[in-house]
Structures are given as C-alpha cells and as structure tokens.
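Undergrad: With these hints in hand, go ahead and build the complete structure from the sequences.
Sequence lines, in order, name chains C and Y.
Numbers 1 to 200, taken from my numbering, label the letters of the first sequence in order.
Numbers 1 to 200, taken from my numbering, label the letters of the second sequence in order.
These are calculated hints, taken from the structure and not from any lab test.
Just so you know, not all the hints are guaranteed correct.
[What the hints assert, rightly or not] Okay, derived cross-link-like pairs now, DSS-like style, lysine-lysine, Cα gap no bigger than 25 angstroms in a straight line:
no. : chain 1 : residue 1 : chain 2 : residue 2
1   : Y       : K127      : C       : K120
2   : Y       : K120      : Y       : K80
3   : Y       : K120      : C       : K127
4   : C       : K120      : Y       : K120
5   : C       : K127      : C       : K80
6   : Y       : K28       : C       : K80
7   : C       : K127      : Y       : K80
Here are the chains, one letter per residue:
Number of protein chains: 2
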Amino acid sequence: MMILRSSPPSPFGRKVRIAAAILGLSDKIEIVVADTNDPDDSLRRQNPLGKIPVLIDNGRAVFDSRVILEHLDHLAGGGKIIPLDHGARLDALTLQATADGILDASILQVYEGRFREEAKRDANWLKYQADKVARALAPLEAAPPPVGHDVGAITLACALGYLDLRFEGRWRANHPRLIAWLDAFAARTPSFEATRFTPV
Amino acid sequence: MMILRSSPPSPFGRKVRIAAAILGLSDKIEIVVADTNDPDDSLRRQNPLGKIPVLIDNGRAVFDSRVILEHLDHLAGGGKIIPLDHGARLDALTLQATADGILDASILQVYEGRFREEAKRDANWLKYQADKVARALAPLEAAPPPVGHDVGAITLACALGYLDLRFEGRWRANHPRLIAWLDAFAARTPSFEATRFTPV
Chain C
1 MMILRSSPPS PFGRKVRIAA AILGLSDKIE IVVADTNDPD DSLRRQNPLG KIPVLIDNGR
61 AVFDSRVILE HLDHLAGGGK IIPLDHGARL DALTLQATAD GILDASILQV YEGRFREEAK
121 RDANWLKYQA DKVARALAPL EAAPPPVGHD VGAITLACAL GYLDLRFEGR WRANHPRLIA
181 WLDAFAARTP SFEATRFTPV
Chain Y
1 MMILRSSPPS PFGRKVRIAA AILGLSDKIE IVVADTNDPD DSLRRQNPLG KIPVLIDNGR
61 AVFDSRVILE HLDHLAGGGK IIPLDHGARL DALTLQATAD GILDASILQV YEGRFREEAK
121 RDANWLKYQA DKVARALAPL EAAPPPVGHD VGAITLACAL GYLDLRFEGR WRANHPRLIA
181 WLDAFAARTP SFEATRFTPV
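TA: Here it is as structure tokens:
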C-alpha cells in the first residue's frame, strides 16, 4: 500500500488522485491528510520543503506532483498518461507546465490573503500573478487541447477546478470553449467530480 | 538552430545551459535574452506565463526548465541526464524537485524586496520561505547526493549557485559537505563556472 500525503483542497493532490483513478491505482493508495502549517507533522520529514503532495512508496518519498504522476504512470505500465511519442510527450508536459504555472500564480494570490495582514497585501503583485493566469488561459481558450487523459489535461482540469474553488469561477465569464472542454473532461473522468473539494 | 529565451542571472536558465553543455548541444542553441517585465517582449507569446527559460525548437515553444531538460536529453539520445532505470530516475527527479523548490522559495524572498515597497514586506513570509530552504538543505548536507550529471545534480548546483548570488553565500557557513559537493560538481562541469553570473 502506498501513502499519499495531501489535503482535500490541494489542486496538486487532486492531480495525483485523478491520475491514480485513471490508471486504476486508487485502491493501492491510502490518503493520509497532511497539515503543511504544522511543524510536527511528519510531512516535513517526508518532504523537507513541507509541500504536498508526497507519495510514500515502500519507504521512498516521491515528490512533487509531476514526479508522482511519472511514478504512477510507470507502475501502470508506462505510456498511459505520459505519451511515449516524443512530440506528444512534449505537448503534454508543456501543457502540464502551463497549468502548473496557472496554479502557482493562483496560489500566490490566495496566500497573499492568507499569510498577510491587510496592510501588507500588494495590489501590483496580485495583478502581476492574475495577469499570468489570464495570459495562460487565452491561448487555451483560442485552441483547447484534446480532451485526453494525459498529464497536461489532468493538470489543466485541476487548474480550472482551483479557479472555481478559490476565484468564484470568474474565468467562466469569458472562456466558453474551456468550459466545454472541462465539461467534456469531467464527463469521461468520474474522479474529477469525486475529488472536488467543497468548503463547508 | 534552437533558441533559448533566458536571462544571464536566471538559475532555471542556467540549468538548461549546463544541461546543454553536458549533452554536447550548446552549439545548437542560440541564447536570446528575454525581459520578463517587458509586456512587448515576444517571451509572453512564447510562454504566456511570461517565465524563463523557454526553448524554441523548430517553431515549438518548450517550457519549463524540467521539460526543456527532458527534451535536450531526448535529442542527445536519451538516458543521459535523466536515468532510464526507474529507481535512479525517481532519485534524480525528486532531487530536481527539491532543488527547484529551494529555488522557488529563494526567488520568492528576492521578489519580496524587488516588487514591494518596504512597508509591504512581510517578515513572517520571508521566514516561511527561508525555513523551507534551510530544511531542504539539511538532509542534503547530512547525505550529499552522488556528484553526477543528472537533472538532480544539475539543479542542486544551480540552487546553491543562486544562494551564492542572492544570499551572499550564507549557506556556506554550516554546510561543509555541500560545499565539497559543489566544488566536486564544478570541477567536472566546466559549464558551471562558465554560466556563473556576476553582478556588475
């Protein structure tokens, strides 16, 4: 049994859970919730950066989400969510990098509110990060990627889901083709809805 | 000829330049400096996130640094800087993720000074990021990785080089084994010194 250290709202943890479901590995992974803010959580011994997700497989700590996805793909036989054809592989990996970048810029905006008192929040910084997200979404709206099950599509779905969760789905106002893309991805990927986090 | 969009101080750009040198691909890559702050720089059309490095190969924009390194490894025949053996591959990729995480936490500290007026800088945020760096260095000091030429070692060298550049090499005071590791890496990797950025 592998152990996944994550937390229910984590978009990077969601990448791993969706990948595991697609690859038929979900029942080999036990999720143990991690608290990134607790210095005594064993997370910081598993990943000294204190970041989630981390996958523990037979004593080996594997991170970050990209590396975990590559490991799961290997366990499933290889070439399943990371294409073997080099061109397709570059497409999937660059899309993953784009969507991870959307997530990073989004999370920095969330942290601005979570970590700082009001007076130390910086509108220019927030705009700088929000502009990254807007620019990255634009070419995806113009030409959505295939509705596949590779690491690029999985990550894009998690990024859009995070914008729904933390930014009130405002992206939906002007990205109709990406809405259709996400609906199509969700329709063929039951784990997408199953891993949705709803704040209480 | 491939084109690398980067800037001389970029540690992620340095990863690519060192990898290219190790793989014998340097003379197939022309570096075209990018300004991440200039909205009119073509960088934002190549990578809408506006981040460097980006590698343009035959019209295809490949990013981020991890994906570029995988592409270069493929061009060099494969299995050169990303091991083919799965266990060694996980070691190299997780070390790369650790060192990329050191870089991310370090860059956030630098940006705190670069983007914000004094009153909006947050000591708790700076400490939160600095603690990530310190925690990630600790197990590497306790057990330095092999002095190899895989993506993990390349990235760790760039991370330590960045701590030298932007944090006055303070890490050197209490990491003697990592100093020896970096010296050994540099001794067998001429591109490490050749890509060192010295502020004027």
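Undergrad: If you test the structure against every hint from before, which numbers come out violated?
TA: Checked against the structure, the hints that fail are numbers 2, 5, 6, 7, while the rest are satisfied.
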